[in-house]
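Colleague: So the sequences go chain by chain: A and B.
Residue numbers for the first sequence follow the working numbering, beginning at 10 and rising by one.
Residue numbers for the second sequence follow the working numbering, beginning at 23 and rising by one.
Don't read these hints as lab results, they were simulated from the structure.
Heads up, a few of these hints could be off.
What the hints assert, rightly or not - Below 25 Å or equal to it, Euclidean Cα-Cα: the simulated SDA-like pairs (lysine to any residue) are:
#1 Lys26(B) with Asn24(A)
#2 Lys65(B) with Trp52(A)
#3 Lys86(B) with Pro125(A)
#4 Lys12(A) with His49(B)
#5 Lys173(A) with Lys90(B)
#6 Lys65(B) with Ser141(A)
#7 Lys87(B) with Arg164(A)
#8 Lys173(A) with Phe141(B)
#9 Lys65(B) with Lys12(A)
#10 Lys157(A) with Thr40(B)
#11 Lys65(B) with Gln45(A)
#12 Lys90(B) with Pro21(A)
#13 Lys87(B) with Ser176(A)
#14 Lys157(A) with Lys90(B)
#15 Lys65(B) with Tyr67(A)
#16 Lys173(A) with Val92(B)
#17 Lys157(A) with Gln196(B)
#18 Lys65(B) with Pro125(A)
#19 Lys12(A) with Val92(B)
#20 Lys90(B) with Glu144(A)
#21 Lys157(A) with Ser41(B)
#22 Lys90(B) with Arg113(A)
#23 Lys65(B) with Pro21(A)
#24 Lys173(A) with Lys86(B)
#25 Lys173(A) with Glu29(B)
#26 Lys157(A) with Val92(B)
#27 Lys26(B) with Tyr67(A)
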Amino acid sequence: MKKIDFRYDLLPLKNKLFRLALRITLDSAEAEDVTQDTLVRAWQRRDELEKVDSIEAYCMTICRNLALDRREKRDAQHLSLDENPIETADASPLPDERLERDERLRHVHRLFNQLPERLRTILQLRDIEGKSVRETAQILEMTEENVKVTHHRARQLLRQQYQKIESHGL
Amino acid sequence: MDYKYIEQLLERYWECQTSAAEESILHAFFTQEEVPAHLAQYKSLFEYMEVAGGVEVLGEDFDKKMLKLVGEQDTKDTTAKIEVRAQRTSTIYRLRPFFRAAASVAIVVLIGSAAQELFEQKDEVQTWDYNSNSYKDSFTKSEVDEALEFSLKGLNTIGNSLKDADLVVVDSAQTKTK
């Protein structure tokens, strides 16, 4: 198969990887570190990478695993410092001008990031990045059935949040 | 206006029963400027997904950093490759500078000798002596005599043979007239 070129095959994935890492870590600096580590690791394994169907899916799997590792480490640090883990969703960064300007969009941003990691990652891949069930299953190393169930749960939770807003009248 | 279709689609959207095409209809509907009041609350959801999918934070600085990071490993790899190659094509590769030197020396010598020849020829033309007094024979008297004798002999034999031929012709003419 064709040779992997870092500049043309891996580097263009940077923002997709960053968005996924940010959705998991909820921290811009950490997401950038994760993206960097993902690209370096993919490059080191380029011989293996030449054989995979989708370089992108392969990189996103690495990215998610690295992001989860970091989150675990960070959470462990927080727990050792104080008993109550900090709710990170409200303090999660706004990586876009429009998000900062628009109060309604900021609200949805918080809704997404308050969901458990697995659910918001599924929403990120399926609804924001537009990945198919198959690709999502490949990236998350889950069965397609499991992806569908988790996706359904995520949308249901989002819907409940919206219904709450409706009944409270925001 | 009737928005039943959109409402139905939305209902199926929450249940994850919409196809990709139907979801793109919902996206198109909710990202337009005017959305009816009772559906307006969902506008932010679809707008957010659109915005979040287009977030591009990492720019050229990141590219430079990454290329530098990966480039270090790259240069190590390429130097290793060159070493291997040098061993493979060693003799020809090593002698290449000598071939070049030899070629350039040959060219210089060629041009030099050609130029020399040209100048020498010019000298000869300039010193050409037209004076007949200073002319000297390049051969001896006896040689001239010999040559003269030889040519005279030759002429004699030719003369004799011509005479003989004449006689023969005359004889044959006389015999015909008889």
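Colleague: What hints, given by number in increasing order, does this structure fail?
Modeller: Of the numbered hints, 1, 2, 3, 4, 5, 7, 8, 9, 11, 13, 14, 15, 16, 17, 20, 22, 23, 24, 26, 27 do not hold.
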